[in-house]
Structure formats: C-alpha cells, structure tokens
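Peer 1: Listed below are the residues making up each chain.
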Amino acid sequence: MFEIFIILFSIFVLIAAIAAVEMKDLLSSIMALSVVGFGLVIIFIFLAAPEVVSAQLVIEILCFVSLVVVVNKTSKVDETKLYSMREISPVSAGLFFAIIFIIFGLWGIQDLPKFGEPVMKVSSVYIQKVIAEIGAKNIVTAILMDFRAFNTLIEVVLIITLFVGVATILRKRGRKNAESD
Amino acid sequence: MPRVIKILTNYVIGPIITFGVYVFVFGHLLPGEGFDGGMIVASIFILCIIVYGKEEMEKRISIGNAVFISVFSGILIIIMGFVGILGLRFEHKYYLDNFLSQGTFSHLFSGGTVPIFNILVGLSITFGFYAIFAYLSEYKTVDKINNGLDYTDFKK
Numbered sequence: 000m001f002e003i004f005i006i007l008f009s010i011f012v013l014i015a016a017i018a019a020v021e022m023k024d025l026l027s028s029i030m031a032l033s034v035v036g037f038g039l040v041i042i043f044i045f046l047a048a049p050e051v052v053s054a055q056l057v058i059e060i061l062c063f064v065s066l067v068v069v070v071n072k073t074s075k076v077d078e079t080k081l082y083s084m085r086e087i088s089p090v091s092a093g094l095f096f097a098i099i100f101i102i103f104g105l106w107g108i109q110d111l112p113k114f115g116e117p118v119m120k121v122s123s124v125y126i127q128k129v130i131a132e133i134g135a136k137n138i139v140t141a142i143l144m145d146f147r148a149f150n151t152l153i154e155v156v157l158i159i160t161l162f163v164g165v166a167t168i169l170r171k172r173g174r175k176n177a178e179s180d
Numbered sequence: 000m001p002r003v004i005k006i007l008t009n010y011v012i013g014p015i016i017t018f019g020v021y022v023f024v025f026g027h028l029l030p031g032e033g034f035d036g037g038m039i040v041a042s043i044f045i046l047c048i049i050v051y052g053k054e055e056m057e058k059r060i061s062i063g064n065a066v067f068i069s070v071f072s073g074i075l076i077i078i079m080g081f082v083g084i085l086g087l088r089f090e091h092k093y094y095l096d097n098f099l100s101q102g103t104f105s106h107l108f109s110g111g112t113v114p115i116f117n118i119l120v121g122l123s124i125t126f127g128f129y130a131i132f133a134y135l136s137e138y139k140t141v142d143k144i145n146n147g148l149d150y151t152d153f154k155k
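Residue numbers (numbering that gives the first Met the number 0), protein chains in the order written: chain A, 0 to 180; chain B, 0 to 155.
Fair warning: there could be bad hints in the mix.
Said to hold, decoys possible - Listed next, with one range per pair, are the computed distances between beta-carbon atoms:
| hint | chain 1 | residue 1 | chain 2 | residue 2 | range |
| --- | --- | --- | --- | --- | --- |
| 1 | A | Ile-3 | B | Val-11 | 58 to 68 Å |
| 2 | B | Glu-90 | A | Ile-17 | 24 to 34 Å |
| 3 | A | Ile-3 | B | Thr-17 | 11 to 21 Å |
| 4 | B | Phe-81 | A | Val-69 | 35 to 45 Å |
| 5 | A | Ile-3 | B | Ser-105 | 31 to 41 Å |
Claimed, not checked - Among the chain B residues that face chain A by a calculated CB cut under 8 Å, a handful are:
| hint | residue |
| --- | --- |
| 6 | Pro-14 |
| 7 | Gly-26 |
| 8 | Leu-28 |
| 9 | Glu-32 |
| 10 | Phe-34 |
| 11 | Ser-69 |
| 12 | Gly-73 |
| 13 | Leu-95 |
| 14 | Ser-105 |
| 15 | Leu-107 |
| 16 | Val-113 |
| 17 | Asn-117 |
Calculated directly from the structure, the hints in this document are not laboratory data.
Since this is a predicted model, take the numbers as computed values, not measurements.
All C-beta atoms in this analysis are idealised placements derived from N, C-alpha and C, irrespective of residue type, glycine included.
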C-alpha cells in the first residue's frame, strides 16, 4: 500500500514535469514546476526525511516567488523555437558527454557491492562512529557536517559564486571608460 | 504595499528569525541544519525587501556587510578545515576533521565542530541569499511599452 502510494505520486510528479516543459504560457508552466517541487515534498514526508523536507519547502517557495516576479517583468509567452542550429548543437554535445559519463559510470559501478546485498554496510559504520566519536544526537547533521564536511564547504562556495555572478551581471557601475560611451 | 501587509509583517519578523536561528543553532540535536535555518532567516529578509522596499532594508543591513559576512564565514570554514589537518583529537588527519572534544551527549555543547560548522553555514547562506535578492531587486523595468526592455535604476 505504502509503495503504491509513492509510485502514484511519482507518476503525478513526472506528468507535472512534462507539462512544465511543454506549456506555452509561462505562468502556468511555473505553476506546474511548483507542483513538481511540492509533490517531492509530500514524497519526502512519507519517506520520513524531515531535513530534506524543510530545505525543499523553503527553496521551492523562494523559487516560485522570484520566477513569478521575473515573468511579470519580462514576457508571459514562451517564444523559443526548437530544432534550430543553436538548440541542436548544445543538446547533441550534452548527449555525447552523457554517453561518456554513463560508460565510465558503468565501469566504476562494477566494484560496488551487489544491490541490497549487505543491507547496512556503510550506514552501520556511521551509526557506530557518530555516537562514539562525534557525540551529536542528530546523525544526519553529523554526517553532513563531519564525514562529508567537504560537501558542505562546496555548497557554501557555490552560494558565494552565485552572488558573485549575479553582482557581476547586474552591477550598477561599469568600467570607467565604458561608462562615457 | 498596503498597510495591512506591513503590520502583519511586523508581527511575523521576530518569531520567524528566532525559529531560523533556533534551527541552525540546535542543528546537531534536532531535525534541520545550517542550510535549512539559513534559508528560513533569508526568506524573512526577502519578505522585508518586498514589503518595505530595498532602500529601507539597506539602512539596516547594507549589501557590502552582507557579502562580507557571507564570504568571511566561508573563509572561516576553510581555516577550520586546515586546523583539522593537524590531527589534534584522532589518529587520522583529514581536511575538515573534528578537533574539539565531544562533550556530554544530547546537550547544546556537544558534537565537537559540528555546531560551529552549522552556525557558519547558516550565516553564510542567510546573508548570501539576502545579497542575491538585494542585487536582483535593484533594477526594474520602466516604460515597457515605449522603450522595450529598458532597465533603469530605482534612484534615477
């Protein structure tokens, strides 16, 4: 019963994602996109992952607000034409690199243990070490901030890169020579 | 913005900032971590930008200070990673290793460097998203019909 519910919800989310890509009206496309996000929130609630739920919920709300603002200020109809040369070349390059990635991924996956064979091979080590060595009660945060702290560091660097990029594109003053033109 | 929304925002600011800071300070004991708490505090800052306008908000927190706090807490995480290489507590010497004592279990001061990383990540995410939205709200379209896409300043 539980798995059937999750599968039905995943199909619902997939349909909403396809609708978000195919719709011509941009506002309804954003609505479909937020259906994808909030559907994922409900799936995460049923999978008992409160950490992911809170992050997903807040990011989804912020994305919705800023996308609606952007669409209000610019255009409301999707006018891009598919299958021109400018669209085909990046898509084909993406497919090429995806195939290379899949080949190397399959090559690297052979050393992993068989699927579902030792059920808690990695997580049992984490559970033992968190209580014995680190002493944090919330195991998920202990993994994110200690065993995988490098991951978190890269997340922070990504946010910093994001606002440096936004500041570069939307800066008020250009260079001194370019301003006089 | 209508006056009703301003008054409602006044009531909401305090509890939500307290809740967000609570999420990332107690991240090692309760669900949620630095990223989630930082996003909650950032969302209330963004609400303030939308309701009161960017100029009112910049009197309280200027963009320069926000960028400084965000980058500085990122740099502090990198420096703490280099302290972890020294191997003060364990045999192994990793980058970003835990070098403080673990404290009493399920108390606020426990978990070694985990709560410190939580607070630093929370500050970085909060002021980073605030800076992004403040930069984005600096520009708006004026006279869309006449000039097409003409981006001009708020101040001019």
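Peer 1: Next, verify each hint and record whether it holds.
Peer 2: Hints, one by one, checked against the model:
At about 39 Å, the beta-carbon gap between Ile-3(A) and Val-11(B) misses the expected band of 58 to 68 Å. Checked against the hint of 24 to 34 Å, the C-beta distance between Glu-90(B) and Ile-17(A) comes to roughly 53 Å, which is inconsistent with it. As the Cβ distance of Ile-3(A) to Thr-17(B) is approximately 41 Å, the hint placing it in 11 to 21 Å is violated. Between Phe-81(B) and Val-69(A) the C-beta distance comes to about 40 Å, which sits within the given range of 35 to 45 Å.
Checked against the given bound of 31 to 41 Å, the beta carbons of Ile-3(A) and Ser-105(B), roughly 38 Å apart, stay inside it. Checking Pro-14(B) against chain A: minimum C-beta separation of about 16 Å lies over 8 Å; hint violated. Hint status for Gly-26(B) relative to chain A: holds, with the closest Cβ pair at about 5 Å, below 8 Å. Evaluation of the Leu-28(B) hint against chain A yields a held restraint, the C-beta minimum of about 5 Å falling below 8 Å.
This hint holds: Glu-32(B) has a C-beta 5 Å from the nearest C-beta of chain A, less than the 8 Å allowed. Hint status for Phe-34(B): holds, given a least beta-carbon distance of 6 Å to chain A, under 8 Å. Proximity of Ser-69(B) to chain A holds as hinted, the smallest CB-CB distance being about 6 Å (cut-off 8 Å). For the restraint placing Gly-73(B) at the interface with chain A, the shortest Cβ-Cβ distance is roughly 5 Å, inside the 8 Å limit, so the hint holds.
For Leu-95(B), the interface hint holds, the least distance from its beta-carbon to any beta-carbon of chain A being 4 Å, beneath 8 Å. With its C-beta approaching chain A no nearer than about 5 Å, Ser-105(B) sits inside the 8 Å limit, and its interface hint holds. Interface hint at Leu-107(B): violated, since its Cβ lies 11 Å from the closest Cβ of chain A, which is beyond the 8 Å cut-off. The interface hint given for Val-113(B) holds, since its Cβ lies 5 Å from the closest Cβ of chain A, which is under the 8 Å cut-off.
At its closest, the beta carbon of Asn-117(B) sits 6 Å from a beta carbon of chain A; the interface hint therefore holds under the 8 Å criterion.
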